[in-house]
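Trainee: Given the coordinates of chain A, work out where chain B should sit on it, guided by the hints.
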Amino acid sequence: MKFKFKGGVHPEDQKSMAASRPVAIMPVPKTVVLPLQMHIGAPCEATVQKGDIVKKGQVIGKPVSFVASPIHASVSGKVVAIDTFRHPVFGHGQAVKIESDDLDEWVPEIPLSTPRDYKTLSKEDIIEIVKENGIVGLGGATFPTHIKLAPPEDKKVEAIILNGAECEPFLCSDHKVMLESADKMKEGLEIMMKVVGVNKAYVGIEDNKPDAIEVMNKTFSGTNVEIVPLRVRYPQGAEKMLIQAITGREVPPGKLPLDVGVVVQNVVTAVAISDAVKYNIPLIERISTVSGGAVKNPQCVQLRVGALFGDVFDFVGGFSEEPQKIVMGGPMMGFAQAALDVPVIKGVSGILALNSKEVKVEKEKPCIRCGRCVDACPVGLIPSMLSILGERRVVETAKTDYNVFDCMECGSCVYVCPSKRNIVQYIKYLKAENNALTSKK
Amino acid sequence: MEMDNRLLTVTPAPHVRDNDSVQKIMWTVIAALLPAAAFSVYYFGTPALINLLIGPITAVIFEFIVQKIRKVDITVTDGSACLTGLLLAMSVSPEVPWFMMVFGSFIAIVVAKHAFGGLGGNLYNPAHVGRAAMMLSWPVAMTTWTKMTTAADVITTSTPLKILKEATKDTPAQAYNVLYDTFGSQGEMYKAMFLGFRNGSIGETCTVLLLLGGAFLIAKKIVTWEIPATMIATVALLTFIFGPAGLFTGDPVFHVMAGGLIIGAFFMATDMVTVPITRKGQIIFGVGAGVLVVLIRLKGGYPEGVCYSILLMNTVTPLIDMFVKPKRFGAGGAK
Numbered sequence: 197m198k199f200k201f202k203g204g205v206h207p208e209d210q211k212s213m214a215a216s217r218p219v220a221i222m223p224v225p226k227t228v229v230l231p232l233q234m235h236i237g238a239p240c241e242a243t244v245q246k247g248d249i250v251k252k253g254q255v256i257g258k259p260v261s262f263v264a265s266p267i268h269a270s271v272s273g274k275v276v277a278i279d280t281f282r283h284p285v286f287g288h289g290q291a292v293k294i295e296s297d298d299l300d301e302w303v304p305e306i307p308l309s310t311p312r313d314y315k316t317l318s319k320e321d322i323i324e325i326v327k328e329n330g331i332v333g334l335g336g337a338t339f340p341t342h343i344k345l346a347p348p349e350d351k352k353v354e355a356i357i358l359n360g361a362e363c364e365p366f367l368c369s370d371h372k373v374m375l376e377s378a379d380k381m382k383e384g385l386e387i388m389m390k391v392v393g394v395n396k397a398y399v400g401i402e403d404n405k406p407d408a409i410e411v412m413n414k415t416f417s418g419t420n421v422e423i424v425p426l427r428v429r430y431p432q433g434a435e436k437m438l439i440q441a442i443t444g445r446e447v448p449p450g451k452l453p454l455d456v457g458v459v460v461q462n463v464v465t466a467v468a469i470s471d472a473v474k475y476n477i478p479l480i481e482r483i484s485t486v487s488g489g490a491v492k493n494p495q496c497v498q499l500r501v502g503a504l505f506g507d508v509f510d511f512v513g514g515f516s517e518e519p520q521k522i523v524m525g526g527p528m529m530g531f532a533q534a535a536l537d538v539p540v541i542k543g544v545s546g547i548l549a550l551n552s553k554e555v556k557v558e559k560e561k562p563c564i565r566c567g568r569c570v571d572a573c574p575v576g577l578i579p580s581m582l583s584i585l586g587e588r589r590v591v592e593t594a595k596t597d598y599n600v601f602d603c604m605e606c607g608s609c610v611y612v613c614p615s616k617r618n619i620v621q622y623i624k625y626l627k628a629e630n631n632a633l634t635s636k637k
Numbered sequence: 002m003e004m005d006n007r008l009l010t011v012t013p014a015p016h017v018r019d020n021d022s023v024q025k026i027m028w029t030v031i032a033a034l035l036p037a038a039a040f041s042v043y044y045f046g047t048p049a050l051i052n053l054l055i056g057p058i059t060a061v062i063f064e065f066i067v068q069k070i071r072k073v074d075i076t077v078t079d080g081s082a083c084l085t086g087l088l089l090a091m092s093v094s095p096e097v098p099w100f101m102m103v104f105g106s107f108i109a110i111v112v113a114k115h116a117f118g119g120l121g122g123n124l125y126n127p128a129h130v131g132r133a134a135m136m137l138s139w140p141v142a143m144t145t146w147t148k149m150t151t152a153a154d155v156i157t158t159s160t161p162l163k164i165l166k167e168a169t170k171d172t173p174a175q176a177y178n179v180l181y182d183t184f185g186s187q188g189e190m191y192k193a194m195f196l197g198f199r200n201g202s203i204g205e206t207c208t209v210l211l212l213l214g215g216a217f218l219i220a221k222k223i224v225t226w227e228i229p230a231t232m233i234a235t236v237a238l239l240t241f242i243f244g245p246a247g248l249f250t251g252d253p254v255f256h257v258m259a260g261g262l263i264i265g266a267f268f269m270a271t272d273m274v275t276v277p278i279t280r281k282g283q284i285i286f287g288v289g290a291g292v293l294v295v296l297i298r299l300k301g302g303y304p305e306g307v308c309y310s311i312l313l314m315n316t317v318t319p320l321i322d323m324f325v326k327p328k329r330f331g332a333g334g335a336k
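Line by line, the protein sequences are chains A and B.
Position 47 of the first sequence, counting from 1, maps to 243 under our numbering, and the rest follow consecutively.
Position 111 of the second sequence, counting from 1, maps to 112 under our numbering, and the rest follow consecutively.
Wrong hints could be hidden among the right ones.
DMTMM-like cross-link-like pairs, simulated, lysine to aspartate or glutamate; straight-line CA separation at most 25 Å [stated by the list, open to error]:
hint : chain 1 : residue 1 : chain 2 : residue 2
1    : A       : 624       : B       : 189
2    : A       : 556       : B       : 322
3    : B       : 221       : A       : 208
4    : B       : 72        : A       : 597
5    : B       : 221       : A       : 209
6    : A       : 559       : B       : 171
7    : B       : 222       : A       : 560
8    : A       : 556       : B       : 21
9    : B       : 25        : A       : 554
10   : B       : 281       : A       : 328
11   : B       : 328       : A       : 209
12   : B       : 222       : A       : 554
13   : A       : 556       : B       : 19
14   : B       : 72        : A       : 587
15   : B       : 69        : A       : 587
16   : A       : 200       : A       : 379
17   : B       : 281       : A       : 571
Residues from chain A that face chain B, not an exhaustive set, calculated with beta carbons under 7 Å [what the hints assert, rightly or not]:
hint : residue
18   : 449
19   : 452
20   : 514
21   : 516
22   : 521
23   : 562
24   : 563
25   : 614
Where chain B lies over chain A, by a calculated footprint (3+ residues, C-beta under 8 Å) [to be verified]:
hint : segment
26   : 409 to 421
27   : 574 to 586
28   : 605 to 611
29   : 617 to 628
No lab work stands behind these hints, which were simulated from the structure alone.
All C-beta atoms, glycine included, are put in the ideal place defined by N, C-alpha and C.
This is chain A alone, in the form it adopts within the complex (with noise of 0.2 Å):
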């Protein structure tokens, strides 16, 4: 371990309830969900109709903005509808539902028979590659990797950082993603490197994962690969906290990684960087861990991007009790979901069904200034005060007093209030009136 970052908390871990079986891989489902926004940035725009007969691999939605990211059809069937459909993240999105035919065929050409060489192709190449087959960041904030891969001239990258921290609660696919694909992930991260053009790298991973560590340094020894063990506390894997621990430079407010000289990418990110380089392969599948109180068998889950929830926990072979909540991502900063006929889109590294014995919804009390927000902050706000000024509608002393822009909304403060204050809803409430505000102006 180098660095800490200050702050952070501790919960239970909840791990090896998934991570003690292996990766069940889910047949192929007999009905998609595609959302035509899986990224950050503007949604695509559909390129096929309704009754379009589409093969596997095949863009079913086109870009139609810079921060973009195209869709491909995950199964091969018929497009059923294109309309609006329930969204893990917005509520409800347009979407292209496709019924599958079972024959689960590619496009052709894809895969390639011949695995292409990242070291005969060019920067510019790479990039386009990764633009075309949809390539997003699959730690969940779903940043379309293109752009993140061409940073601009006047900022200089020293290394880039393969995150593995994965420091929610329940999930572990990553994990699996380790220690199943490491030769990809390797692979995957030399792309990176070339395409960005530095010679050094670090991989971030939870020392709650020794084994996957072990398998890290094997792979990469010899290499100017660094293995980085860090200290088990969430959030250790948000970017600026991982950027911390390993290299001990703080991204300033509102700046990038950029600007401390690093990119971060996730390690899945790597190793579908990997496969649509060597391949061609679009983003069309990844691992998720389905996982909660509530599940008979939790595990991880190879499965298709836009398969509905319900039919993922049908799967693992359905719910050992009625769940009370049912969590996109994981528990400190997932969505929760109000329906179980919801796709997983690209970014989906959780599927919880949490029981009521783990959803205890209580009500606030007044803030009693015990400064526990304080401690676990790691961005050095005061929770305590901006939930006051949100609860009494101050605004604008938010942003100019108190920071509340600097809030990365990891849920630390709100896990350990004693007076169960929603102290992230009320800084979400803040920063959209600063917002509005500003756009009026």
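Mentor: Okay, now just chain B, sitting in the frame of chain A:
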């Protein structure tokens, strides 16, 4: 998969929280005070017991009535009113009549707490405000610790701080010797003070039990160590330097154990609502409170200054919080 109609809870993240609660905090602090309170009943007898009961019970009753009138949730089970009443009782002399306790409890709960908005809204430590109001209204009764016969002891002296104050006025160079003589020797005085066999307010005499309670709270992370440590260290240092017989002739061990400093530093000055929220701010608070305690003890009219020192530092807490903020991540700029 059937499109079912199950009801799912949809709330914002995070979806897990730890097991702490306001209730747990308050009742744990009460538990930490009980050993010292029990000792006082043994040592001072029935008068102490009466006040120890009146304090919490009237506090809870007043809170219930006020919350009914305000038409807000009744929160008496969270333990905060009970704690305030208990602390108030433990900070007064055992001889204080019951009606003064009721008045103090009223001021603490109704005026100092609920008139400011209830839990979390008060600027001042409610127990200390109640005590200060009692002091203003009945100055003699509240500063009288007479000779009394209790079940455990025949107490023939006033409080050690009062003895020292009078002796300092009369014969400063000999002040400490006068004090030690009343206990027999310096060593015997230390023993008596440590174990609680001396005159004083109900909860403040038994140093050892209070220290154990305080250590328990710090270990349980209910209370942060910054304020007790800095307040006590400041008092020790300054009372050592500014001795009655000249510089560096003070007795810091005596001053630390004397009066309400231990109970104040661990249980009153750590009242989270009324002290700074950052650790750095808490250190400033502790040092400031310590300075004020010494100022009042050595130069002021009262023999003991803990109550006012805490209230005065409560006054500047919002100012401290305005200027002392945690280090902003990345504030140093890109390096």
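Trainee: Are the hints correct? Go through all of them and say.
Mentor: Verification of the hints:
1. A/624 / B/189: Roughly 61 Å between the alpha carbons, so the hint for residue 624 of chain A and residue 189 of chain B is violated.
2. A/556 / B/322: 32 Å, violated
3. B/221 / A/208: 18 Å, holds
4. B/72 / A/597: Violated - the C-alpha atoms of residue 597 of chain A and residue 72 of chain B are around 34 Å apart, more than 25 Å.
5. B/221 / A/209: Holds, at about 22 Å.
6. A/559 / B/171: 60 Å, violated
7. B/222 / A/560: The hint holds at about 22 Å.
8. A/556 / B/21: 12 Å, holds
9. B/25 / A/554: Given that 25 Å is the threshold and the Cα spacing comes to 19 Å, the pair holds.
10. B/281 / A/328: 52 Å, violated
11. B/328 / A/209: 29 Å, violated
12. B/222 / A/554: 24 Å, holds
13. A/556 / B/19: OK: residue 556 of chain A and residue 19 of chain B at ~10 Å, within 25 Å.
14. B/72 / A/587: 20 Å, holds
15. B/69 / A/587: Satisfied, since the Cα-Cα distance of roughly 23 Å is no more than 25 Å.
16. A/200 / A/379: 29 Å, violated
17. B/281 / A/571: 12 Å, holds
18. 449: Holds, about 5 Å.
19. 452: 10 Å, violated
20. 514: At 10 Å from the nearest chain B Cβ, residue 514 of chain A fails the 7 Å test, so the hint is violated.
21. 516: 15 Å, violated
22. 521: 5 Å, holds
23. 562: Hint on residue 562 of chain A: holds, closest Cβ of chain B at ~4 Å, below 7 Å.
24. 563: Constraint on residue 563 of chain A satisfied, holds at 5 Å.
25. 614: Cβ of residue 614 of chain A sits 4 Å from chain B, so the hint holds.
26. 409 to 421: violated (count 0)
27. 574 to 586: Check passed, 7 qualifying residues.
28. 605 to 611: Since three or more residues must qualify, the claim that chain B covers the segment 605 to 611 of chain A holds, with 4 doing so at under 8 Å.
29. 617 to 628: holds (count 4)
Hints 1, 2, 4, 6, 10, 11, 16, 19, 20, 21, 26, counting from the list given before, are not met by this structure.
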